[in-house]
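Q: For the protein sequence lines, the chains are R and A, in the order given. Straight run, no breaks: the first sequence in this note's numbering ends on number 562. Straight run, no breaks: the second sequence in this note's numbering ends on number 846.
For the record, the hints were derived by calculation from the structure and aren't laboratory data. Predicted model, so just to flag it, every value in this text is computed and none were measured. The reader is advised that the hints may include incorrect statements.
Stated by the list, open to error - Here are the simulated DSSO-like pairs of lysine-lysine, each with C-alpha atoms no more than 30 Å apart in a straight line: (1) R/K373 - A/K832; (2) R/K486 - R/K440; (3) A/K825 - R/K373.
Claimed, not checked - Derived list of chain R stretches under chain A, where covered just means 3 residues or more per stretch with a C-beta under 8 Å from a C-beta of chain A: (4) 208-222; (5) 238-247; (6) 268-280; (7) 404-417.
Said to hold, decoys possible - Derived list of chain R stretches under chain A, where covered just means 3 residues or more per stretch with a C-beta under 8 Å from a C-beta of chain A: (8) 193-199; (9) 251-265; (10) 360-373; (11) 424-430.
Glycine included, each C-beta is placed from N, C-alpha and C at the ideal position.
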Amino acid sequence: MSESAIQIRIGGEAGQGLETVGQLLARGLVRCGYEILVSQNYMSRIRGGHNFFSVLVDSDPVLSPASGVDLLIAMNGETVTRHREELRNGGRILADASQVEEDAEDVVAVPFSELVPEKLYTNTAALGSAAALLQLDREIFENLLREVLGGKSEDAAKKNADAFAGGHSWILKNSRPLQGPSSPAFRQGDRLAMNGNQALALGAMAAGANFCSFYPMTPSTGVALNLAAQAEELGIVAEQAEDEIAAVNMAIGASFAGARSIVPTSGGGFSLMAEGISLAGMTETPLVIVLGQRPGPATGLPTRTEQGDLQLALYSGHGEFPRAVLTPGTPEECFDLTYRALDLTERSQSPVIVMTDQYLADSIRAVAPFSLKDLPETARPGTETTDPEAYVRYAFDHSGVSQRLLPGSGTHLVVADSDEHTPDGHITEDLSVRTRMVDKRLAKRRVLEDSAVPPEADGPEKPELLFITWGSSKGAVLRAAEDLSKQGRSVGTLHFRQVCPLVPEQFLHRLESAGRTVCVEGNATGQLARLIRQETGFAVDRLIHRYDGLPMDAETIHAQLD
Amino acid sequence: MVSPQDFGEFETAWCPGCGNFAILEAVKRALADSGTAPHQTLFVSGIGQAAKSPHYMRCNLFNGLHGRALPVATGAKLANPDLRVLVQSGDGCNYGEGGNHFLAALRRNIDLTMLVHDNQIYGLTKGQASPTSSAGHVTKAQPQGMPSDPFPPTAMALTMGAGFVARGFTGMPDLLADTIRQALTHTGIALVDVLQQCVSFNRVNTFAWYKQRCYELEANYDPGDWHAAMQRCMEWGDSIPVGVLYKSEHRRPLRSCYPFLEKEPLHTQKRDLDSVERIMREFE
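Start from the sequences, fold in the hints, and give me the full structure.
A: In structure tokens, the structure reads:
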């Protein structure tokens, strides 16, 4: 992040259209060629309360959320009171003239009620004013408005265009511009504006996912909605289930019959799915679950963020069976790892869990378009067998992976059982078969280890200080390391994109050769640090953590480090 | 031609005299009569003595968790509508542990045949009350007698808008086979609640108890009359009507929500990267 980075914050009540303006602003900024990072902070209510949407804008990559506000777009008086202290030198508050004292020097009081045909359009007028203050390309925003809000009705499209123009012109006439970020980072149209959930859903589509059963739960509902929106075009069955138990069992049934299934949920729903995960393990049925974390226990803070469910993902489901747990840290990694998850679950016939959290799920960033044409086909079940009569679903194989045929795709029969079973899938209580079957299932861990994504290492080979982290805390750690490196410190980072199975040969030497190791996690107990110790015997020197419902940021790391 | 013998004969883990034997035979006959070969079927079962039934047949089978047969069957049927999907489990599995799924499946109206072995008791766990046990039924778990009134499966299905609601009895094997055959060809969800004896754990609702009460619906009974059907569903005591209680295809089945499934099942679908590319560009 450069010195000229600015933060724009839009605050107000739920129901005032903050998210619409925020998203338009974020997308417009990306179209203008800027790097952005969005943090959304909303309360668990549909109307009222206090919500805010922050966009960090820069010409360099933005890695971590940060404090300080340069432009506060206050949709109500409360926003001014709450966020005024965070306003940096030279910062400005954009507010409705009726809500603020007009004589304050840093306040741009716009008479929105005179500029819009109806109160409903105040947010669009505020967007126009913000675009003018920041001297952003007006045409880009006008086009975007037309594309996004134009579909509703001609009348609404015109009123939105007028409101935008009204807000924009008023600023040009009555206010001086604000110092924006310096030059754009890339050419217009070179980046996509995408959050974690959207990238994840796109990764699933690219892998050919065609079945999504879900029960709505923040912050993962967006994954299902993104897939449902393309149901017709891509042929995706997106079915809202009666509960999470049904959702996971439907996905398993669909997968058994040949669909590529994905199930998004959050911690509470995931807990309900535990028996289903065990069923996928026993019946060796492919299953991808997206676990979007939020602070628990129980209902916790439903709309905030945390990385508190690592152990839940690792140990959910009774009995012993292999699994993989992938932990993307950016929208790009959400795409890549979800694509990979759908392939891996078929190749290993084992459940794969992709973990995000509210911060990553909702955080819009500037993302380079994915090169879809280079993506190989993902693994598929078998289609034929030379001797259909002799086919058995759970034939012993040294890899543990038996040929998986689909029911109804030929004259062979497919029998799967949640009871312990013989190779032909039928119930057994022959205890020698039991031992062989456990060994067969556990052998698949090897398949998972062979395709384990290594942790991403950055910085010197033998740093004086090594930050270890996983999932969405990545950006904060990279930023903190960058800050410390600039001060002349020798700092390395190690970001785990996969936490299960862990392959010590991929990273243990890095831990051992670092002067001091610090594990950075968005939870209270240091779940990754404990896992590393359990798997390798290596104890990290200390933990940096955050569990107040907000995302990890570089400032928290610096504050706790010293 | 498909014959009942195509589905094989296997040794079972059931008690001699169990009602499950008669249901197993009726299922094989119904499948043969409807021309469904073993590889065209998919049985999904839960846990319980009834849920073991498909293990004793040649068929495709997913024997899943207790109470969760319906969602697995729903997923499989959506993934491949060409499969003839049957759910086979007991009253505890379908109406107790899986009660929410039962209600949801009826509302969804997916093309499934739901065979419920209803012996009004838990057999596998040795004799506790089930959702359909009569009020006052004494067991080791309910020594003071079952405090609740029984769950009325057929009336519930009718209330939830099911288009095929039937009751069978193991003591009327021909009627049972014919009822299941009709259920197999119904568009939408079809419930067949099969009354059966449990020779080990239900000493109240014995074969003789059912035999005394069950009667076949009259030849002039109109299964298209919902109100008449409701009356027969609730007829339970000295006489219990058996047969197809209600039949109507007025509700749209779930598959109509996914028209692309008419073209091909999900497993033969090709990945469409051109469309994904276009969708990705929506994020510009």
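Q: The structure should be examined with respect to each hint, and the outcome stated for every one.
A: Hint check:
Restraint check for R/K373 and A/K832: the C-alpha separation of about 14 Å stays at or below 30 Å, so the hint holds. With a CA separation close to 52 Å, the supplied pair R/K486 and R/K440 exceeds the 30 Å bound. Between A/K825 and R/K373 the CA atoms are separated by roughly 26 Å; this keeps the pair inside 30 Å, and the hint holds. Only residues whose beta carbon comes within less than 8 Å of a beta carbon in chain A count, and the region 208-222 of chain R has 4; three or more means the coverage holds.
Residue count for the region 238-247 of chain R with a Cβ under 8 Å from a Cβ of chain A: 7. That meets the three needed, and the coverage hint holds. Judged by the Cβ-Cβ criterion of 8 Å, the region 268-280 of chain R is covered by chain A as claimed, because 3 of its residues qualify and three suffice. Note: the region 404-417 of chain R has 12 residues with beta-carbon separation from chain A under 8 Å; the three-residue rule is met and the coverage holds. Restraint check on the region 193-199 of chain R versus chain A: 3 residues with Cβ-Cβ distances below 8 Å, three needed, restraint holds.
Under the rule that three or more residues need a Cβ within less than 8 Å of chain A, the assignment of the region 251-265 of chain R holds, with 11 such residues. With 5 residues bearing a CB less than 8 Å from a CB of chain A, the region 360-373 of chain R meets the requirement of three and the coverage assertion stands. Check result for the region 424-430 of chain R against chain A: holds, 3 residues qualifying (beta carbon to beta carbon below 8 Å, three or more required).
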